[in-house]
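Trainee: Residue 159 in the working numbering sits at position 21 of the sequence shown, with consecutive numbering throughout.
Keep in mind the hints are simulated off the structure, nothing from the lab.
Please read all numbers here as calculations on a predicted model, not as lab measurements.
Yeah, the Cβ is synthetic: ideal placement off N, Cα and C, and Gly gets one too.
Warning: the hint list may mix true and false statements.
[Claimed, not checked] Under the rule of at most 25 Å between Cα atoms (straight-line distance), these lysine-lysine pairs were calculated in the DSS-like manner:
(1) K190 to K167
(2) K226 to K190
(3) K149 to K167
(4) K226 to K169
(5) K190 to K293
(6) K231 to K190
(7) K190 to K275
[As the list claims (entries may be wrong)] For each label pair, taking beta carbons as the anchor points, the in silico distance ranges come out as:
(8) K226 to G267: 31 to 37 Å
(9) E243 to K201: 18 to 24 Å
(10) S145 to S284: 38 to 44 Å
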Amino acid sequence: MVFFYVSQYQKRKAQRVFIGTYRFNKAIKTKVHQRYPHLTDENLSLVIDGLKEYFFLCHEGNKRMVAMPSQVVDVAWHEFILFTREYKGFCDKAFDRFLHHTPTEAMVTPTMALDGIKRAWRLSCAREGINSANPSKLPLLFDIDSRLNIDDGFKYSLDCQKSNSNTYCASHIGCSSGCGGGMGCSGDGGGCGGGGD
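Full structure from sequences and hints, please.
Mentor: Now the structure itself:
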């Protein structure tokens with residue numbers, strides 16, 4: 139029994155190392171740049187960092203659906219998926235399974251997307267040492283679209299009083315039904331999701 143847990147721990151650790159050191163196909167950056175020509179090389183590297191971060195969240199999510207909080211990172215994920223053999227090989231090594239890309243509209247239940255964005259928020263905050271209930275800053279995946287001026291991106295704000303119809307109140311994402319003001323917990327804010335077999 140102890141051997142099983144030790145081997146599982148070592149395997150998950152090796153998977154995290156694999157995700158962290160994985161070198162994505164350079165064509166992904168090129169395709170993202172074609173979609174968003176204002177992005178610099180440094181910006182495109184940040185998008186790839188965001189893609190790795192999303193895959194870390196999916197790994198930590200233990201097969202539960204994790205919503206994608208960023209439009210620009212979602213575009214990079216779409217481009218990666220098009221390298222089908224490479225993507226399958228990555229998924230096999232990183233997750234021991236194929237990580238499906240599920241559009242919000244195709245999710246099994248109406249609450250699946252909301253649960254997925256809450257999970258993404260909690261995991262992102264935990265990874266970056268941010269208090270998810272009282273955040274002092276936005277985690278990378280919730281900030282990157284605003285930071286990179288992605289016109290069709292998902293915009294999040296810590297100040298729920300200043301949130302408008304184009305932004306989501308980030309500090310309310312991880313709440314339960316007791317939130318007040320702004321969009322509260324009713325807003326999805328995420329695009330597609332991975333996991334949830």
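Trainee: Work down the list of hints and note, for each, if the structure agrees.
Mentor: Okay, the hints, checked on the actual structure:
no. : hint                     : in the structure
1   : K190 to K167             : 13 Å, holds
2   : K226 to K190             : 15 Å, holds
3   : K149 to K167             : 30 Å, violated
4   : K226 to K169             : 19 Å, holds
5   : K190 to K293             : 20 Å, holds
6   : K231 to K190             : 14 Å, holds
7   : K190 to K275             : 20 Å, holds
8   : K226 to G267: 31 to 37 Å : 33 Å, holds
9   : E243 to K201: 18 to 24 Å : 22 Å, holds
10  : S145 to S284: 38 to 44 Å : 42 Å, holds
Hint 3 from the list above is the single one not met by this structure.
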